[in-house]
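Put together the whole structure using the sequences plus the hints.
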Amino acid sequence: MSERVPLLAARAAARRYGSQIALGPTDFELGDGEAVALVGPNGAGKSTLLALLAGALEPSAGQVERRDGARVGWAPQRAAQYARLTPRENLELFARLEADERPERSAERLLDEFRLPRGVLAGELSVGNRQRLNLAIALLGEPDALLLDEPTAALDPEQRQRLWERLEAQREAGVALLFVTQQIEEVEAHAGRVVALREGAVAFAGSVAEYEAPALA
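Under our numbering, the residues of the sequence shown are numbered 1 to 217, in order.
Simulated from the structure, these hints should not be mistaken for lab results. Glycine residues also receive a C-beta, built at the ideal position from the N, C-alpha and C atoms. Just to be clear, a hint being listed does not mean it is correct.
Said to hold, decoys possible - Pair ranges (Cβ atoms, derived):
# : residue 1 : residue 2 : range
1 : I184      : G18       : 31 to 39 Å
2 : R96       : S60       : 31 to 39 Å
3 : Y82       : E188      : 19 to 27 Å
4 : R84       : G128      : 19 to 27 Å
Following this line, the structure appears as structure tokens:
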């Protein structure tokens, strides 16, 4: 990694819920334009690490650092949207929260880009469309880093391909990607680096070529 200050960093960051350790002391850095896959079994701490880096959770110990002025888009597994609003209304609302000067224009662009319906409430969307709306919300505000928790989990193969085309275009424009996935094909095709968690601790951190998925399954 370059000597430039990372976009996001965890410094011995940990998270507890009472006596339960969701994530032990963890060190991690995300730099400009990187694509990092975060892998590991359920309950390993992947979603917790993303939430800490996004600022949605406070660490119980250690600290999380964000470069001054860095903007972060976060798409958690549990969709961050309002069920009684339409996709357009959701996008306009979140665009205003991002201080977007043209929320209607941004909403229209993302509705077209993600092929989202306009006249249906978000709570009535299919699982795939809810996931696409979740990702569209994460892209508001021109983020410098995208934190994506299993972004393709509810998508069919064609939707996955279209999504990765969009994400690769974002990365080529300098946006950093940290994505959780259970698909080794996505790791091999889209990541430059892999971090594997197990039982709240880093079990592996290195290049895709060095990563051996079966050994950490």
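**Study point:** Structure versus earlier hints - violations, ascending order
**Key:** 3
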